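*Asks:* So you can see what is in the structure, the chains are spelled out below.
Number of protein chains: 2
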Amino acid sequence: MAEYIGYLAAILGTIGWLPQVYKTWRSRETKSLSLPTNLLIFITVSLWFIYGLLTMSWPIIMANVFAIILVGSIVIAKLIYK
Amino acid sequence: MAEYIGYLAAILGTIGWLPQVYKTWRSRETKSLSLPTNLLIFITVSLWFIYGLLTMSWPIIMANVFAIILVGSIVIAKLIYK
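Those protein sequence lines, which keep their order, are chains A and B.
Every number in this note's numbering is 29 more than the matching position in the first sequence, counting from 1.
Every number in this note's numbering is 29 more than the matching position in the second sequence, counting from 1.
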């Protein structure tokens, strides 16, 4: 039971970033986005990726590869469209 | 080693939301924030909280109580300051 909730949380926590990525790149509007928060979340998902590698957990590795790409693209948009 | 990286990620992934909360409530500006993303992240941290309860993991419970409050307050701000 707990395991399935964990998987669901991992999947939602990754695809959850898609609407923000879409909105940000489409509108080129980043005024109300916090750069420190997006940078810290980017570092967070990078750490989870390393954690996944160290524990050889493929679900954690896969979820965080996607999260790195998604959150990374928001950080890049924030830096480009100030 | 992996354990410490996991703890660091859990802490960063929680306090990382603070700058966004501060910026959003101070500026009352939410135009570039995605409501679906913030709702999905809110559901995600709520699921991690339930996961923490089911596995009786205090670090996961504590981290996600804070995350629920922080992300929840961003969702509320987005709904109020459209």
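Hint data in this document are derived by calculation from the structure and do not stem from the laboratory.
Quick caveat, the model's predicted, so the values are computed rather than measured.
Any given hint could turn out to be false.
[Unchecked claim] FRET-style restraints, in silico, Cβ to Cβ:
{"#": "1", "chain 1": "B", "residue 1": "GLU58", "chain 2": "A", "residue 2": "LEU47", "range": "21 to 31 angstroms"}
{"#": "2", "chain 1": "B", "residue 1": "GLU32", "chain 2": "A", "residue 2": "GLU32", "range": "36 to 46 angstroms"}
{"#": "3", "chain 1": "B", "residue 1": "MET30", "chain 2": "A", "residue 2": "ARG57", "range": "14 to 24 angstroms"}
{"#": "4", "chain 1": "A", "residue 1": "TYR33", "chain 2": "B", "residue 2": "SER56", "range": "18 to 28 angstroms"}
{"#": "5", "chain 1": "A", "residue 1": "ARG57", "chain 2": "B", "residue 2": "ARG55", "range": "44 to 54 angstroms"}
{"#": "6", "chain 1": "B", "residue 1": "LYS111", "chain 2": "A", "residue 2": "LEU47", "range": "17 to 27 angstroms"}
{"#": "7", "chain 1": "A", "residue 1": "LEU82", "chain 2": "B", "residue 2": "MET91", "range": "35 to 45 angstroms"}
{"#": "8", "chain 1": "B", "residue 1": "PRO88", "chain 2": "A", "residue 2": "TYR110", "range": "28 to 38 angstroms"}
{"#": "9", "chain 1": "B", "residue 1": "PRO65", "chain 2": "A", "residue 2": "LEU82", "range": "42 to 52 angstroms"}
{"#": "10", "chain 1": "A", "residue 1": "PRO48", "chain 2": "B", "residue 2": "SER56", "range": "29 to 39 angstroms"}
{"#": "11", "chain 1": "B", "residue 1": "TYR51", "chain 2": "A", "residue 2": "ILE105", "range": "17 to 27 angstroms"}
{"#": "12", "chain 1": "B", "residue 1": "ARG57", "chain 2": "A", "residue 2": "TYR51", "range": "17 to 27 angstroms"}
{"#": "13", "chain 1": "B", "residue 1": "LEU108", "chain 2": "A", "residue 2": "THR84", "range": "34 to 44 angstroms"}
Where a beta carbon is used, it is the ideal one built from N, C-alpha and C, also for glycine.
*Asks:* Now look at each hint and say whether the structure bears it out.
*Replies:* Okay, the hints, checked on the actual structure:
| no. | hint | result |
| --- | --- | --- |
| 1 | B:GLU58 <-> A:LEU47: 21 to 31 angstroms | holds (23 angstroms) |
| 2 | B:GLU32 <-> A:GLU32: 36 to 46 angstroms | violated (19 angstroms) |
| 3 | B:MET30 <-> A:ARG57: 14 to 24 angstroms | violated (41 angstroms) |
| 4 | A:TYR33 <-> B:SER56: 18 to 28 angstroms | violated (39 angstroms) |
| 5 | A:ARG57 <-> B:ARG55: 44 to 54 angstroms | violated (23 angstroms) |
| 6 | B:LYS111 <-> A:LEU47: 17 to 27 angstroms | holds (21 angstroms) |
| 7 | A:LEU82 <-> B:MET91: 35 to 45 angstroms | violated (26 angstroms) |
| 8 | B:PRO88 <-> A:TYR110: 28 to 38 angstroms | holds (36 angstroms) |
| 9 | B:PRO65 <-> A:LEU82: 42 to 52 angstroms | violated (30 angstroms) |
| 10 | A:PRO48 <-> B:SER56: 29 to 39 angstroms | violated (21 angstroms) |
| 11 | B:TYR51 <-> A:ILE105: 17 to 27 angstroms | holds (23 angstroms) |
| 12 | B:ARG57 <-> A:TYR51: 17 to 27 angstroms | holds (24 angstroms) |
| 13 | B:LEU108 <-> A:THR84: 34 to 44 angstroms | holds (38 angstroms) |
The structure fails hints 2, 3, 4, 5, 7, 9, 10 (numbered hints given earlier, in ascending order).
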